[in-house]
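Start from the sequences, fold in the hints, and give me the full structure.
Going down the list, the protein sequences come from chains X and D.
With the working numbering, the residue at position 37 of the first sequence is 37, and numbering never jumps.
So the number in the working numbering is just where the residue sits in the second sequence, counting from 1, plus 1000.
A few of these clues could be false.
FRET-style restraints, in silico, Cβ to Cβ [stated by the list, open to error]:
no. : chain 1 : residue 1 : chain 2 : residue 2 : range
1   : D       : E1239     : X       : R79       : 45 to 51 angstroms
2   : X       : M1        : D       : P1157     : 49 to 55 angstroms
3   : X       : E24       : D       : A1178     : 21 to 27 angstroms
With a straight-line Cα cutoff of 20 angstroms, these simulated EDC-like cross-link-like pairs (lysine to aspartate or glutamate) come out [unchecked claim]:
no. : chain 1 : residue 1 : chain 2 : residue 2
4   : D       : K1144     : X       : D38
5   : D       : K1147     : X       : E2
6   : D       : K1304     : D       : E1338
Simulated from the structure, these hints should not be mistaken for lab results.
As the structure is a prediction and not an experimental result, all values here were calculated from the model.
Just so you know, even glycine gets a beta-carbon here, dropped at the ideal spot from N, CA and C.
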Amino acid sequence: MEDYKQTILDYVIKEYLEDDEDEEITFDTELISGGIVDSFSMVSLKRFLENKYEIQIPDADASPEAFDTVNSIAALVDRIKQA
Amino acid sequence: MSTTPRYEDAIRDFDWVQVEKELGYTQGGDINIGWYCTDRICEQGLADKPALIWEGFKGDKRTYSFDEMRILTDTFAAWLQDLGVGPGERVCLFMDRLPELYFGVLAVLKMGAIAQPLFSAFGEDSLWTRLDNAGTSVVITQRKHVKKVRRIVDRLPALKRVVVVDAEGFPLKGPEVALALDDLPPAGNFKVHPTTAESPSILHYTSGTTGQPKGAQHVHYSLVSQYITAKWVLDLQPEDIYWCNADPGWVTGTSYGIIGPWANGITQAVLDSGFNAEKWYDFIARNRVSVWYSAPTAIRLLMKEGAELARQHDLDCLRHLCSVGEPLNAEAVIWSEEAFGKPFHDTFWQTETGCMVITNFPGMKVKPGSMGRPFPGITAAVLDPVEFTPLEGPGKVGVIALKPGWPSLIRTYWNNEQGYRGKFKNGWFVCGDQATVDADGYFWFVGRDDDVINTGGHLVGPFEIESALLEHPAVAESAAVAKPDPVNMEVVKAFVALKPGFEPSADLDLEIMNFIRKKLSPLAMPQEIEFVEELPKTRSGKIIRRVLRAREFGEPLGDLSTLMSD
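Below, the structure is given as structure tokens:
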């Protein structure tokens, strides 16, 4: 779980914050409501998780709430991996 | 208590001149949208009334009265003049939904320049295309987005200044200059530029099937349409708190997120936040929002969260709901009755029309799934797609068209008069959507009649995506088409043929998605990429998108006789 969190955080910083070095994000930063990742960009983040962790995330689970923080994303990945 | 007339009465008695009189405007006189939204409201005795209740996503909140907005927009306009900006110059506003965005648009209009708001999620290619085409001389932005401007500034010879509104402690470069609006001494004697009806006001870029996006040029006279449609269709009353979800980077965000409501002296609430159902409901409840103008994509996202979540919040304040951007499906209308106790009223219009043209007028029977009937003063019809003559009788599929003559129809496409002229057929302005009309005069959306992709209520042109795809080192050729989507109505799907030496893979798929997201925007990013050996082409070598699109929609493929290999 901790590994997931750091990997996801690093990816979000690299892919979604390249123009905003001022923004400091943590595992709890609100990504969707904070405007860092929008509902369209969520699709590429979902694709990254599926590729990286060799999982399928059902569309019903890929909600803005589930993707709103690194913590919630890592929890989702963990749940799917363990299922 | 609504003061909006009955639809039948409004249709019978409507006269644009009457609206002009209500605004105190006479033909040939001065008309400046910035003045109408601020100074005039103050002169009507509403100086102390809240104009803007703004909340950031972190919970910070600011409220501005109409008088404070008048002073800030005067100050902003005077500062731009001192910077050397003159009437007619294009000033781009490229930022999130900060108060400076709203005041900046009005300030630019007050000083007679042309406001060019652009969606802040645009990547550098999308930004460059629009700034280059417009010959923009000033970009007003924030530190979060300034690096995108920095990467293209050398390729924009007309660009003189880049204004950063939150530059404190931020090192500026080259043509960048800081603006701390709240710290400026108020401009005491600013004189609003005497714009007239046909003076250019706002430039909004919109996508078509062919070529790069076109700059739809509006004029100050558009106010007349935006004022009365906001007043009647949104059913705005003096005591209302109004929330428009749309970003001012798109036409809804200016026509009905700035001009329409403020010209009516209405208090607007703005939330600078991405989608979050819980936060949205909380925002509505805390600010006692009574009129809400939203979009089908947002409504469908709320539907996914369930009606129960809505009922857990105190949303009795909501009095009137409207929707725009794409057709509102019947299920969403029915769901809103369940969740909010009232239906969303669908409205139809486009960047080019400047105002709502077909609407579910307050008090009119809502037929779930229909876009409603033409607004008073607007003549709409569905035309035969070949002859461009009105189709008589109900239920026949044709293209939606409007008789020119309402105030807010655009006057041209920037640097593209030919493209503008091409929108008119047989004396009608042709919208590009197909519809039927029923026996009661209600319009029903059928589909687009071109290759433009309507995703989440935003039009995305395939040409712009395909051009960007070709810049990726692995892509030999590509086609971008619409694919049906339950939330966004349509999303972008790309068919990609790879260059020799590249193989399809999940990593390449993601790399191309992110490549487009950063170059253009998240809206333009293909949500699905299908790697193909070759694309369907005519014998002359032109890619036939309609075949690919038809496959995605499960529709007949049509005439394939011109295909290169049948």
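Consistency of the hints with the structure:
Remark: the range hint 45 to 51 angstroms for D:E1239 to X:R79 is upheld by a beta-carbon distance near 47 angstroms. Taking the beta carbon of each, X:M1 and D:P1157 are about 52 angstroms apart, inside 49 to 55 angstroms as hinted. Judged by the Cβ atoms, the range 21 to 27 angstroms given for X:E24 and D:A1178 holds: they are separated by roughly 22 angstroms. For the given pair, D:K1144 sits about 15 angstroms from X:D38 by alpha-carbon distance, which is consistent with the 20 angstroms threshold.
For a cut-off of 20 angstroms, the pair hint linking D:K1147 to X:E2 is broken: about 32 angstroms separates their Cα positions. Proximity of D:K1304 to D:E1338 is assessed by CA-CA distance (about 14 angstroms); at most 20 angstroms being required, the pair is judged to hold.
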